[in-house]
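Chains as they are written, first to last, in the numbering used here: chain H, 1 to 630; chain B, 1 to 505; chain P, 1 to 504; chain F, 1 to 99.
Since the hints were derived computationally from the structure, they do not count as laboratory data. Hints may be right or wrong, so weigh each one.
As the list claims (entries may be wrong) - Computed from the model, here is a short list of chain F residues facing chain H with C-beta under 10 Å: (1) Arg24; (2) Ile28; (3) Ala94.
Claimed, not checked - In silico negatives: residues of chain B with every beta carbon more than 12 Å from chain F: (4) Gly123; (5) Ile219; (6) Leu474.
Computed from a predicted model, the values in this text were never measured in an experiment. Cβ coordinates follow ideal geometry from the N, Cα and C atoms, glycine included.
For reference, the chains in residue letters:
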Amino acid sequence: MTSNLIVYLIAIPLFSSAVLLLTGRKANKWGHLLGTLASASSFGVGAYLFTQMLAQPAEERAMTQKLFSWINVGSFNVDASLLLDQLSICFVLLITGVGTLIHIYSISYMSHDLDRRRFFAYLNLFIAAMLLLVLGNSYLNLYVGWEGVGLASYLLIGFWNQKPTYATAAKKAFVMNRVGDLGLSLAIMIAFASMGTVSFDGIKEAAPQTSTATLTAIGIMLLIAAAGKSAQFPLQAWLGDAMAGPTPVSALIHAATMVTAGVYLITRSNFIFDAAPTAQLLVVIVGAITLLFGAVVGTAKDDIKKALAASTMSQIGYMILGAGLGPVGYAFAIMHLLTHGFFKAGMFLGAGSVMHGMNDEVNMRKYGALRKFMPITFITFGLGYLAIIGVPPFAGFYSKDMIIETALNAGGIKGILLGSAALFGAALTAFYMTRVIILTFTGTKRWDDEAHPHESPILMWLPMAVLAIGSVASGYLFTRGDALVHWLEPIVAPGEHGEHAELLPPIVVSALALTMVLIGISIAVMMYVRRPVADVAPEDVSALTRIVRQDLLQDAANEAIFMRPGQSLTKTLVSIDEKVIDGAVRGVGAMALGSGSELRKTQTGYVRSYSALILVGAAAIVLGIWVITQ
Amino acid sequence: MVFNSPTLSYSLLSPILIILAGALIGVLIEAFVGKAVRPIAQLSVALGSLVLALIQVIRIRDFTSTAAAIGSVVIDGPGILFQGAILVIAIISIFLIADQDNFTSSPAALPGSDEERQAAQSGTVLTEIYPLTLFAVSGMLLFPIASDLITLFVALEVLSLPLYLMAGLSRHRRLASQEAALKYFLLGAFSSAFFLFGSAYLYGYAGTVSFAGIHAAVIGGTGNDVILLLGIAFVAIGLLFKVGAVPFHAWSPDVYQGSPTPITGFMAAATKVAAFGAMLRLFYTVLAEAQWQWRPFFMVIAIITMIFGSLVAISQRDVKRMLAYSSIAHAGFLLTGVIALNKAGLEASIYYLFAYGVATVGAFGIVTLVRDSSGEVSDLNRWAGLGKRSPWVASAFAFFLLAFAGIPLTSGFIGKFAIFSAAYESGATAVVIVGVLSSAIAAFFYIRVIVLMFFTDATEDGTSVVIPSILTRLTIFISLAITVALGVFPSPLLDFIKPLAIFIR
Amino acid sequence: MTISWISLTAILPLIGAILLSTLPKSAELRAKQFAFGITLLTAASAIAMAVQFQRDNTDLQFVEVHSWIPSFGINYAVGIDGIALVLILMSVILAPIVILAGWNEAQGGRWSVKTFYILILVLETMMIGVFSATDVFLFYVIFEAMLVPVYFLIGGYGTGARSAAAVKFLLYSLFGGLLMLASIIALYVMSGAQGGHTFDLAKLANLEMSSTTQNFLFLGFFIAFAIKAPLWPFHTWLPDAAASATPGTSVLLLGVLDKVGTFGMIRYCLTLFPEASKTFTPVIIVLAVISIIYGAILAIGQKDLKRLIAFTSISHFGFITMGIFAMTSQSQSGATLYMFNHGFSTAALFIVGGWMIARRGSSTIADFGGLQRVTPVMAWCFFLAGMSSLALPGLSSFVSEFLVLVGTYTRYPVAAIIATVGIILAALYILIPVQRALHGPTTPGNENLTDLNLREKLAIAPVLAAIIALGFYPSPLLNVINPAAVHVNSQLGFTDPVPTVEGK
Amino acid sequence: MNSANYLYLSALLFTIGAVGVVIRRNAIVVFMCVELMLNAANLTFVTFSRINGNLDGQIVAFFTMVVAACEVVVGLAIIVTIYRSRRSASVDDANLLKR
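With the sequences and hints as input, model every part of the structure.
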């Protein structure tokens, strides 16, 4: 089934973004409105297409739209064409939906910023790119969106780039993403070299005949790509700094949508990973490591946004883990992705609203007792909180529980390790999220008097409210009769439960998970409710804490392994180029000059030496003659 | 006894005879015509005879004869071409020579003496220069068509002796000029002694002084090889000296620098043509079959010459010396033409000689224009910023330099290409490669001068470019025109040369 | 009657130059307008030619042959295939843009403004000629003669150590050219030995020669082109030249002239010496990869904006060379498209960078800062140009770069993988200057820089438009290039490696 | 007697002359050495003319003398001029032009 509407999903926001950028200051008055409208109408199109899909039987729901032949060289043919299927529609709705809400939120949040128009232009650009990412029907089209969102994220992180640290953060994000892109482009090259195509269904068809080694290689490359985009270990370091961007950006890009692109990539490439166990194993390992890493980092953050960022990292770890546990896990990964989209976006907006009220203070130790001053924010944030730590019946409970369960049932020692990691992660999540809630909303006020905390305007709390509802209900809706699982079946191989003997029955798993959560909460309560909270981070802490505060030394590591050697390499090469290579060139010239002025000395100006020269020449020739005639 | 008088075919010898006649008339003019009209009379006689000779050359171009003068000269295509080239160059340079203030008005007077000053004030001009030039030209015309050793030797001396004198006639820096004359003379005599000694051995080898006889002997190969080799070697030394090949080059920088610039130009251009003409005839016809004896030596000498000339030229500070060394390098390039020893090589050499000669005269013509109160300024550093002061002169000079460097679209490039490809064809790959590399080096110093003229700011030291007289202007203009034409549309000349360039024996 | 389009297009700028020389020195504005008009006319004529070009016909088209120096078998012979056409289009489109963009850059030169434009026009004629020549001698003549106007453009209108840089450029290229001359002489002589002296490319391609000879002659040509391109380690002249030339000159130098090197590799090295090309491919691929990485790293290490751009170009030329010698249809087409795109993105970088430098009066990156706040439009243009230079998907350079990589991968995976690391370095060498120059607080001295005026906007707009448009829809160019590229490969007897698995 | 000896003699004379040119300072003497060389050449010619049994060589000798005479004229003129302006006939004093 084809549809000519798909392109509008992308075209509308792209066009509006172009308009906003090209019109310039003139558009300042209405820019934000146009942006929001664009995003909203894109959502409308998405919704309409969704209804169309629902009307179809499961197998015929996928729609395609060929725009034009993009690159056509020899056997390398790539069409610019779009694919809207059950998987991508989920993303389309998430992106445009949450996106629109955040647009609305930003109208008010950015109202004091002179460059609000530009901000909306970037947001639209992002929406367009992200949609292209999930709608492209080949890895190359996806690549365009992939880097497109990278660009948008770069622009938005650096939105206030007059602050050098922010500009650096943006650059860092882009460069680390490029490392991921390296993986993606290599994956595409390998795919083309071995299968002669780069389109999803082409590769899907060719995959069975392809050697496992090749598929593993592709898989690993894709994993690198995913790690880069989704801030997974070892490419996670950029996400924390990315919080330099305005809070709506963090909510949309660095929580709800872009950072989950890695999960999309892996799920989309299920036909590769299912056939490449080694790659799959690496995926789950990366996922597990990251979920713990993020969670641990989260426990020590005082900056509310960074705490949330760490949590995002960890939650995406869960998703990757889930996706790595395919075929069963894909659906759950996507489910967690969607629910997370709601609650994490909600909480980020909440954080934004708090900052809004506390004139952009981000240090939670300077908050406290805000419950009274911004009740709505508190409620919405609270619901999100309950969702993320996985309290039934909130969304997170369903999605995360599924992943934990699948992990445990992955079979053998692997299953136990992964499962326990997931469970431990749940405990940590509970701990650091509780910590955030406590430090921010409860306890005693720790802010100084020039801060006048107040509830945010409706334009801001309305989106929060909507998202809160999402984080309450979505989980239940998705799981009712395995709705989402069945929905996705045509894409990812049908996930019939437990191809391994179940390690534990579901109910036990849930119980375990909940106990872990309780443990986490109670520790947090003990630490931050019983004891008063210092409004500056205490220095007399264990070495471990210090390390955790420095994000487990991720930046130090990167510096030691890449930056400093790189810089010294650069310096050396520059001087080599100057001295050796160019030196050689100049040396030749100097040599010619030198020998010239040496030979010149033979020209003494004395007739007798000249005649001597002639005589010598003659003698030499005679000698030569004598030699050859002998 | 019967005495059968020698038969001379005057028409074929006419170019030489005309020039000699012009020279003699010149001498008479010196004797009988009043000071006032002398210069113009001399100029017109000289020019007239040169042009007439050229016309004659063109008219007889299709004749070939070995008996023009009882076998002592041979008239054939190459001979005609060399004569034509020499005459054209002479015509171009005669205008330059006619620009009198290059010459001392009283050679006999002591430098800096009152006598000299009076002569200068009285406006006496040196008109003996014209007959001298014509005598030299006559020698040059004879040199490449001589077909026995006597004629060759006589021609050599006839072209050299006037040049020795002319070298000493500069108005400015007279001591240097006289020194140049002395050096030129002593070394020239020295080298012609070698030449003569060599010809003695050739005679000894062949039993005759006629080229034909020597050739026959070489083919027969009956004689004593050592004698032949010594003969070739010493004769070659004499000729290599004239063209300024290393290690017999030493005279040329000093003489070029010391001589009056017009003479330098004339000498550099015309002597090369004549000497190479003779050399080509000797080695292409007489000694062709002995190539295994002489080609190796020539290759070595060519290589040394090209490299030495190019390298030393880089470090020169005086424009005339720089051009001298560049002419040494060019001698090296031309030697590859001799080495080629095939028809292509002959054609290429002729083309190259003509193109180079014309460009050389033009270049020296421009050198005469750059002056300060005390005469010509040949110090390169004082040429700085010339491009700003007088763009046209500078551009013209730059163009000549580019031609020397062999940049495409100049005559020099076609010449280099032709001569190298000929040499390559004959299997002298090494020489070609060295040639190419040394032209890379050579480019270095030509470009240095261009940089100096265009990209360096002038030093205010009174160096200026005089407005060229109509005569000098003619010289420069004609040579520039020819250089451009030969660069862009060389085919007419090439096609003219092709059918003619066949030596007869 | 049939119009000989190539000659017509080529002669227009020359006529323009001659007419221009009749103008008085004082009439600077008129000179500019006139030169601009001429270049537009030339572009029009070239486009008219392109319209009539038959894509799928792989023979040379618009062929003209007139005898020039018969005694050496030298002809004025021109003709174009897809590759040549694309490069000619690039040249003639860039020329007016350069003039418009650098409207005032001729001021303060050693000589009059008029002279500047005469040189530019002469150069344009030669650019068209060098890409369309099918007579090796003619090619060589133009190849060398081109040096002269560029030399005077750099030395006469540049900044800093301009004359030194100009001399370095001239001698270096001349040296390469002479090596090529040696090879050409050998070819000429051989052709003489094998049925008549000729310089006709097609005839020379069929010469019988021993593999050793072929290798030597190949080197003669290749080194000349490697210097021109420039390929590591023959590159050191480029940064100096680019740093001291005016932006406009740099655009023509890196954008067009250096392409003669890579173009020559395709047109001459591959065509004349197929065997030798195969023999040397491994070495060349290695050099190319080194250039990619090396150029990128050095670009990162530069403090001067112009030098930085120059080094990025060295990296890009590495990609092009790699694509050419990987000899798959993707890599070949990619390489040619890359030449075109690189022309535009480098043009954009140099033009905008030139404006920044002209306004700030310094080319040291550290002297800029916060421009995005002061001069948003200019900052955006620079940013876009940078994005194109780092081959952001969606921009034209991405298509070419990816084609080169993917094409190379199918034959030389390792090289391709190493080269791919270049895309990370590219991010660094673009984003570092972007951050230093455009972001951060506005550094003193930049507060009241003026933003682009209308003329400048008009000049840069088409470049950026092309970069974006061709990124989304490269087919118009690719369809012209492919047949030619495939033809080149088939002449070499190369077919693309088949995928191990046939997918769709 | 073996006429080859004349060749050796002339070769010897030629060498003496050549060496003389190199080592003697006085221009006149240098010039005389050149004359010596020329006459050595003459002797060679005559010898060979004897060996080859024809007169060409002797004719050449006459020509050479004439030419040598001309050379003397020119040469002495130059040397004398130099002497007058420098008050010295030493070839080493004339050393303005070098390098």
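Checked hints:
| no. | hint | result |
| --- | --- | --- |
| 1 | Arg24 | 8 Å, holds |
| 2 | Ile28 | 13 Å, violated |
| 3 | Ala94 | 7 Å, holds |
| 4 | Gly123 | 22 Å, holds |
| 5 | Ile219 | 18 Å, holds |
| 6 | Leu474 | 30 Å, holds |
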